[in-house]
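One letter stands for each residue in the lines below.
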Amino acid sequence: MAIADETTLRIVLYEGDGAASLDAVDRVATVTALLEQGYAVTCAGAGAVAPADDSALLVLGRFENGQAPEAVDANGAVTVAFRDITGLNAEAVTALVEAERESTQSAKHGEWKPWFPVIDFDRCTNCMQCLSFCLFDVYGTDDDQQIQVQNNDNCKTNCPACSRVCPEAAIMFPKYKSGPINGDVVSDGDLNREKMKIDISALLGGDVYQMLRDRSQRARSRFSKERSSDKALGERTKCLTKLAAEADIDIPLEVLQSLPSADEIAKKAEVAKAKAKAALDSQSS
Amino acid sequence: MADQPRILFCHCNYARVVPDEVKQGVLDGLCQSGQAFEAVADLCEMSARRDPSLKRLAAGEEPVKIAACYPRAVKWLFGSCQAGLSADRTEVVNMRELSADDATTAVLNDAVEPNLPADGSVAATEGEKKI
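Protein chains in written order, with our numbering: chain A, 488 to 772; chain B, 349 to 479.
Next comes chain A alone, as it looks inside the complex:
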């Protein structure tokens, strides 16, 4: 089953009529263990919880006589299962839940670190600088030529570079260390760094490619004599690292090292710019 079609298994920790309460220590241990395995848990108690949807439902409880009730959704829309957890520790509960997840073909979480851009559409002006800038096809446009994040799994973990070229500080990476990229309030000072951002854009969007081409050309003649690919790679890494450090743009070395060749970068940049231009032209026509 494609991940896009997978539903999320909703776990309910039930402690109401017909079931014994967990003591607070067991409740904390059980919920923590389930969360660490990537599950979502509803703890029933005083007050409201979110309404039901079509997700599969697994109800865990210390049921009377160790007997989990049996029930089905009268409308047949939702898969519901009850499991007794009397006497089970947190580890055993997560094992039980994992078996249930597999049987319902629900989504498995935690296989990818969720690092991707989140656009603040209150700030975004649809200028397409992010689309022009990103070499990894993370951005695209919808049918109305509105910028959107289309391929978030293409994003390079821990790389916030596109957020730094955004003139409106509209691109967030919620797991980034500092603001406003992490979603903190955008200050006037952040916006006053626009000039720096444009310089960086020029650096990574244009000059860097020329510099790489120049260096590559020089290196090619030198390395053709030495025939050392390690030296060539080292030279390229050194060049990129120096550029990134000078610009203070906090791009991880792994990302720099994984960049395509200078020629490929130039081609990708052209394609991205053409996409952005087409989107902007479409908006203005």
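I should point out that these hints are in silico values taken from the structure, not numbers from a laboratory.
Please note: incorrect hints may appear among the correct ones.
What the hints assert, rightly or not - The list that follows gives simulated cross-link-like pairs (lysine-lysine, DSBU-like), each with its CA atoms no further than 30 angstroms apart: (1) Lys754/A <-> Lys403/B; (2) Lys664/A <-> Lys595/A; (3) Lys764/A <-> Lys403/B; (4) Lys600/A <-> Lys403/B.
Said to hold, decoys possible - Covered by chain A, per the in silico footprint, the following chain B stretches (three or more residues, Cβ under 8 angstroms): (5) 379-390; (6) 393-400.
From the three backbone atoms N, C-alpha and C, an ideal C-beta is built for every residue, glycine too.
Dock chain B against chain A, hints included.
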């Protein structure tokens, strides 16, 4: 009880940006409180997956308290999945900035102080589900 807020807790599983002692402190407080609550492993991961559960979590008439990170980020993690949070009924408790005690008190306090930026707008369209 209609105005008692629903509580949503994000465990921010896949990064260390929320201090462990804060998120564990808030989770301990919730588990000891007897209050109903929803806990999710990681709102970012759900948003990246365009998880339909976000719409369920955003739905409902009750005010909502969300223990997570910055309100602007939380708003658009939901908004990018077209799961709009109500601007006048949602308070985000920022576990990146508050102590465990302060965050727990804020989450368990029935008074809701809405703090989402701007209105409850959402993205025009969802991005494609690729994860």
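To see whether the hints hold, each was checked on the structure:
1. Of the supplied pair hints, the one linking lysine 754/A and lysine 403/B is violated, its CA atoms being roughly 40 angstroms apart against a limit of 30 angstroms.
2. A threshold of 30 angstroms between alpha carbons decides the hint, and for lysine 664/A with lysine 595/A the separation of about 27 angstroms falls inside it, so the pair holds.
3. Straight-line distance between C-alpha atoms of lysine 764/A and lysine 403/B comes to about 34 angstroms, which puts the hinted pair past the 30 angstroms bound.
4. With a C-alpha separation of about 22 angstroms, the suggested pairing of lysine 600/A with lysine 403/B holds against the 30 angstroms cut-off.
5. Check result for the segment 379-390 of chain B against chain A: holds, 12 residues qualifying (beta carbon to beta carbon below 8 angstroms, three or more required).
6. By the rule of at least three residues with a Cβ nearer than 8 angstroms to a Cβ of chain A, the coverage given for the segment 393-400 of chain B holds, with 8 such residues.
Violated hints for the displayed structure, listed by number in ascending order: 1 and 3.
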